[in-house]
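Between the sequences and the hints, there should be enough to build the whole structure, so can you do that?
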Amino acid sequence: MAEMSGAEAFVKALKREGVETLFGVPGGAIIPICDALYDADIRFVLARHEQGAAHMADGYARASGGVGVCLATSGPGATNLVTGIATANIDSSPVVAFTGQVPTSMIGADAFQEVDIIGVTASIMKYNIQVRRAGEIPHAVKAAFYIASTGRRGVVLVDLPKDAQTGVEEMEFPEHIEFKGYSPNVEPNPRELDRAATLLAKAEKPIILAGGGVVASDACGELLKLAELLMAPVATTLMGKGAIPSGHPLHIGMCGMHGTWEANHLVSEADILLAVGSRFSDRTTGRVEEFTEARIIHIDIDPSEFDKNVEASLRVRGDAKLALRGIIERLRQISRRGREGWMRRLEELREQRRIEEEERGEGVKPPDLMKTLRRLLPKESIVTTEVGQCQMWAALHFDVYAPRTFLSSGGLGTMGWGFPAAIGAKAAKPQVPVVDIAGDGSFGMTENNLATAVEEGLPVIVIILNNRVLGMVAQWQRLFYGRRYFGVHLGSSPDFVRLAEAYGAVGVRPGSLEEFEEAVRMGIESEVATVIDVPIDPEENVFPMVPPGRGLREILVED
Amino acid sequence: MAPLSTIAFIVENRPGVLFKVSNMFRRRGYNIESISVGPLMDRSLARMTVTVEADRRALRNLIEQLRGMVEVVRVKPLDPRRTVVREMALVKLNTSDPMAREEALRLVNSHHGLILDIDEDYIVAEITGSPGEIDSFLQEAEPIGIVELSRTGATALEKGELKL
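Going down the list, the sequences are from chains A and B.
The numbering of the first sequence is our numbering, which starts it at 1 and goes up by one.
The numbering of the second sequence is our numbering, which starts it at 560 and goes up by one.
Keep in mind that the hints were calculated from the coordinates and are not lab data.
Beta carbons are placed, not taken as given, at the ideal position from N, Cα and C, and that holds for glycine.
Here are some of the chain A residues that sit facing chain B, going by a computed Cβ distance under 7 Å: (1) A122; (2) S123; (3) Y127; (4) K180; (5) Y182; (6) P303; (7) S304; (8) D307.
See below:
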């Protein structure tokens, strides 16, 4: 055991967790830790706002599969993290957030920059703790990484009062850690797997709904194997995009409010629906009473998802990879029925969709931009999205071939997430192109992180589908509120090309699909961040769309 | 109103845990009817008993939400047929009127209650029983004049060899 300060112990504990990159903004209540980081071999990425730092950590985690770490000071620094924390947690992204806090003697006194961040964040994260003295820091850091990265992953916040950072104590660094109330290793129950296999083997019209849990548990190989074994089409949620490669014959795309024609119909028509690592968000199910006729088998690592939104016939608690593996082993011993009728139905629906697509009008349309972008980007490139129309165009029309290459704020739908998340992803994977598919509204919310991208040498590409309008809100107002547009028109400010240039990034405004191609090629090669500002028609809608509160088959495909 | 269910669970006995547990109930939209807490023999742990409005499906999900909390060590919904449930109430009655006083003493006696304090105008009684028994005592005491009331909330143990 060695005597050291809490701040030194903090840095040592981070090193023991293998932390290489920290995203953050310093401040008064976290300076002792900054001082200890001065000598540490840990990259510090200075965000321009703590929300950006939290999103960067989140993007880093989603791209790498590891834990993302962010750091902020007390008070406003901590509250600025809140949106980032909630965004990461609802999408089960493993992020550890550290906040400075006023000295313990002043807690509760409404001291300068004091905020009760434990209370503020309690309902938007997996776990949080406030350290009370220096000697608790090694244990708290260990606990934070352990809880964030195991079981259903999520966000852990550790609040660090200043005197705990400066206090000097004998420090003990635990190798392992245990909580009486936390046992994340979940082997699925063999009897439940037997029953799941039996149900699936008897199914005539099986379908798989792959959620973010498939990606989180690295179960994409098993998913594909099971789908092929069953001849079951695979629909994904937004978070599950990438769990099965686009273009695979059984891949039917996303199901839900902006689900594909075939995914929404097949989910409704199936007789057995195997949901893997999905929480049945209302954006996925549509009107929940009309979601599906199927009996549902629900695999989830977090049993609190069972019965929350949709009642399943069979619940399998466990890690998706282990559960799928167990089902595959059992299915090998069971004879399967032919699926010709079911596959014919799939083809029929696909054909109908192709007809819809051919009817698309003239001009540079977002779907064409997505397809062009896909053609230009290497397969391993990472795409993040902002939220709204741009997100749904990307989800529908940008093909993805591997997990962790399409990152989006699913649960919280946080505008402004995609850009800082792209910066975080680029920090994790500097060798691959990273592109944020943005709208002008979303990008405006966190554009100040251009400074970080430029200063830190993280050359991401931002593609703004620029319609000068908060497009998805405008779409709802157009379709469901008689075109009574309210509060959605953004006007002509800013000029994103000149904005990019002001930050020292590259700005381009392509006027055609050819110029767009040229801009993307340039962005891929560029050593600084590139903003590609593509003007699009403000009247453009994202289709297909299921109106809010309707069943999945009530699909609108035109205005 | 959904039926009332009683859940017992063991939590880490640390500052902030009661807040987190009750915050979860609030966050998920469960209405707490009563809650009682106290440490176990191992004082690093505490036992909570919560009575909550929840139908079958909501109750099942609530149990899993509790199990999912790092601070919660064990959870069990209690089967009312195999559980003893008790609650205590302290009741202050206005007994300045001799008739009222006589009636109050008779009532407390008939509910096996205790008189904890008595002066010229008031008595403080302790009533212990199932929440239903306490309700019926209060109903009968109301005409006498309840000045102040403090209920502990239900606490419960399973019968026989059953154990949380």
